[in-house]
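As you go down the protein sequences, you meet chains L and D in turn. Here the first sequence is numbered in the numbering used here, starting from 1 and rising by one per residue. Here the second sequence is numbered in the numbering used here, starting from 1001 and rising by one per residue.
Rather than coming from a laboratory, the hints here were simulated on the basis of the structure. Among the hints, a few may not be true.
What the hints assert, rightly or not - Once the Cα atoms are required to be at most 30 Å apart in a straight line, the calculated DSS-like pairs of lysine-lysine come out as:
hint: 1; chain 1: L; residue 1: 341; chain 2: D; residue 2: 1599
hint: 2; chain 1: D; residue 1: 1599; chain 2: D; residue 2: 1102
hint: 3; chain 1: L; residue 1: 333; chain 2: D; residue 2: 1242
hint: 4; chain 1: L; residue 1: 328; chain 2: D; residue 2: 1264
Said to hold, decoys possible - In silico negatives: residues of chain D with every beta carbon more than 10 Å from chain L:
hint: 5; residue: 1019
hint: 6; residue: 1353
hint: 7; residue: 1359
hint: 8; residue: 1488
hint: 9; residue: 1567
Backbone N, C-alpha and C define an ideal beta-carbon position, used for all residues, glycine too.
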Amino acid sequence: MSANANIPTNGGSSPVPPVKLTRKDFVSDQEVRWCPGCGDYSILAQIQKVMPELGIKRENTVFVSGIGCSSRFPYYMNTYGFHSIHGRAPAIATGIKASNPELSVWVITGDGDALSIGGNHLIHTIRRNLDINIILFNNRIYGLTKGQYSPTSEFGKKTKSTPYGVIDYPLNPLSVALAAEATFVARSVDTFTSHLQMTVERAMHHKGVSFVEVYQNCNIFNDHAFEMFTERGVRDDAMIEIEHGKPLVFGKEHNRGVRMRSDMHLEVVELGNGVDESGLIVHNEKAPDSYLAYMLARMESPDYPVPIGVFRDVTKATYEDMLAGQIKTATEKMGPGDLEKLINSGDTWVIE
Amino acid sequence: MESVTILNNVEDTNIEELETVTIRFAGDSGDGMQLTGTQFSNTTAVVGNDISTLPDYPAEIRAPAGSLPGVSGFQLKFSNHDIRTPGDEPNVLVAMNPAALKVNLADLEHGGILIVNTDAFNENNLKKAGYETNPLEDGVLGGYRVFKLPITTLNRAALRDTVKLPPKEIDRCKNFWALGMMYWLYDRPLEPTQQWIETKFKKPEIQTANLTALKAGFAYAEAAEIFTTHYRVRRAAIAPGKYRNITGNEATALGFVTASVLAKRPLFYASYPITPASEILHELSIHKNFGVKTFQAEDEIAAMCAAIGAAFTGSLGLTGTSGPGLALKSEAIGLAVMTELPVVIVDVQRGGPSTGLPTKTEQADLLQAMFGRNGECPVAIVAPATPAECFQMAVEAFRIATKHMLPVIYLSDGYLANGAEPWRLPAMDELPKFAVELTTNAEGFHPYNRDPETLARAWAVPGTPKLEHRIGGLEKEDTTGNVSYDPENHMHMVLMRAEKVARVAYDIPDLEVFGEPEGRLLVIGWGSTYGAITSAVEEMQHRGKLISSIHLRYLNPFPSNLGEILGRFDRVLVPELNLGQLALLLRARYLVPAVSFAKVKGKPFKIRELTAKMNELYED
Ligand code: SF4
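Here chain L stands alone, though its shape is the one from the complex (with noise of 0.2 Å):
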């Protein structure tokens, strides 16, 4: 081995691993290279913030992404990383966590990674229930590439490929991930540190696919994405913070709520003069069906409040361990593989 000792190690520089690692231990030795300001630096330092809460050994964990700004992500983390090829992140996931169900397994997306080049295998790695980590920054543009409109940027939107506005409907990630039937969907927000966190952690918690939407700030190029509803001022009015088994109530003093119609639409009321709390919705992560999430998940500014939070968590077998299942019950069936008699068997006939 032709080792240059005159570099040093990213891992591995203290000979006895702490036995309750920090934040820091999360950190590359990788200068960060994302834009002043940019979102990104919040949710990075965030996720470093929960890993060492979370128990699992840096060693065990792998964070792979696509193409994009967010996809840089992995470099920045002191675990295992891989920074793959556009919109595959999920594939080359699932071939981590099905080879080696051991590993914590995380994959960093952006919106048009996940959603427009890489649609495929994310409703697919979504449907298969593999016990990984969804993350999708969703900043509502392409920044790598400098500007264009993204799968989720808004109708009529003008940017650099579309100077006479988007003339796409965009999609809604979470309707995606619920169509696809993840067991775990939530959102969050770049900024809402402790949300984001909490937010992290259950994902991390759920035995099963999680999807987290984060809505992340491109200050470059689709600066105040989100202010409309996340800024300190509007926020408690324009947005809702879902809680399982809560009544969905939101608004400064407390004195709105979401209702449904007999017609099954959503409508905002205002709590007051004989509208109380028992009407609302009370949110139920655990229904066994995702119309509730669904429907959740449609809300949309400015007409209702934006919802955060975990929309849906149940429990399904998981892909690598229904797999192991069957390699175990092949070996106890037929026994340990062995070779000399795969090789000799079908129809065989000796020749003296």
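Given the coordinates of chain L, work out where chain D with the ligand should sit on it, guided by the hints.
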């Protein structure tokens, strides 16, 4: 004509000895011709003949009954000596309906035996086959020895009193009737097929029906005095050992399981269904007790990427496809080249371009395998030459991939995939040894630390403490693996990746010349044309021509002694089932005026076509 008749009558006064026979069974897709052919082949192998087979089936799953596209055929050649191809022209054609006759008659040798099921020659079927008049009556079959048998009627008569089955079920047994007849005609025992029927058909009625049909066909041929003679092909002098018949796809799958056992690394096969590669997925998905994980991906790209992910974690990452799928995988193959991970990509080539001819064979993906990616993106390429050889080349693909830490493309084709031949089963101690070691030592670790000999980088997998590192598709700084945009480094890494592949040449066997080490003409082939080329060259050598051949199983890099061999011959001929792709590479690399002999018809070479071309060049 290859079959030589020796008229020395033995025991049975009506038995004639033959050296080699080529039979083609042809019928409607629903007539069970593949099964009939396979059964005949297995029995023939068991009695000790050398054998080579080739099924020819339509792309449509169920083309309209009786139509030309619905014709399914199975050709087999068996002999009392070593043979390498399923035969140029059949000596015998069994045609179960007019469409089968129409499609196959042109291939039958002049004076050959033609057996037809006359019951199927009704007005409707004749029309579907495009016959204006009945060929059984209008004299077009004058040049053949025709046996007209009402097989459907004879089969019904035999089964009527034995089993209570609906007429449709009874008619389905007629392929066994025909098989029984052929067993008598070529002096084969019924027992292997009887045993097969007994294990295969669980329903007693169906089992009895098929057994009865088989015996009835045999008895009829023996008693009815339609065939005045029958034939015997004595056992071949085959190397002693235990054998089984194996198709290329089966051998490929077993080879990969074997690679996994030898390397002591789990096999992960990711694939998207595609003709003619799907059997590899089917076969591997059975062997779960070897820890083999199979993953049917959502598309070709995902299959390639999952294989890369698996390789990153220390599994033998494998994907399999055909030409269109290889095209889809190319970007991801580039990622495997960049990240220097040991993945193997199987391409079972078929007729192209685009969807092309899915069930037909071709060798036109060589340049795609060689160059079909963006950037300077070399991979190692291996190609088995015969169905049985697929086993050892599959092992070889992973030996190279893991030792040299690079992707390997394994080029098979439809002919190898579906063709079958006897495989002498290797003993466990005959299998190659190859140890695969993962890096665990953190001392001075960098992901792109290299082995000084092979230049292979370290294989450090997630789960290993203190070796945490990041890899990806961006250009790497050598040793550290950090992203680098440095111009000198890029040049260095491009050369590094090329050199890695080049150094595989030190790790593969030298080419052996078939025939004299020097001479007038050298014939070079690769892949599935081995059998036809070698047989043709052998024939020319018997005719006293100074012709030799070499066959490439390693296409990138080429074996080290190739250039030197080329220099010893006056002329070089390169027969390929493409428009001269290897010829192009040889010309570019060695500056030899290699002559391409191209055939792109979805069909393998005939020996006769090759000898004709060799003659032409030789006399020229
Ligand atoms: S272009 Fe936008 S998303 Fe990309 S790094 Fe800059 S601010 Fe962030």
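Discussion item. Checking one constraint from the list: CA of residue 333/L to CA of residue 1242/D, max 30 Å. Satisfied?
Written reply: Distance of about 27 Å is within 30 Å: holds.
Item to complete: Beyond 10 Å from every chain L Cβ: check whether that's true for residue 1353/D.
Response: holds (23 Å)
Worksheet item: Under the criterion that the straight-line Cα-Cα distance not exceed 30 Å, is the pair residue 1599/D, residue 1102/D satisfied?
Response: Holds, because 23 Å separates the two Cα atoms, which is no more than 30 Å.
Practice prompt. Verify the proposed pairing of residue 328/L with residue 1264/D, using a straight-line Cα cut of 30 Å.
Written response: holds (18 Å)
Worksheet entry | Hinted pair residue 341/L and residue 1599/D, Cα distance within 30 Å | The hint is violated at about 41 Å.
Worksheet item: For residue 1359/D, which was marked as not at the interface, is the minimum beta-carbon distance to chain L over 10 Å?
Response: holds (24 Å)
Discussion item. At 10 Å, judged by beta carbons, does residue 1488/D keep clear of chain L as stated?
Written reply: Since the minimum Cβ distance to chain L is about 16 Å, residue 1488/D lies beyond 10 Å and the statement holds.
Worksheet item: Taking 10 Å as the cut and beta carbons as the points, is residue 1019/D off the interface with chain L?
Response: The assertion about residue 1019/D holds, with a minimum of 18 Å to chain L.
Worksheet entry | Assertion that residue 1567/D lies farther than 10 Å from chain L (Cβ) | The claim stands: residue 1567/D keeps its Cβ more than 10 Å from every Cβ of chain L (closest is about 36 Å).
Hint 1 from the list above is the single one not met by this structure.
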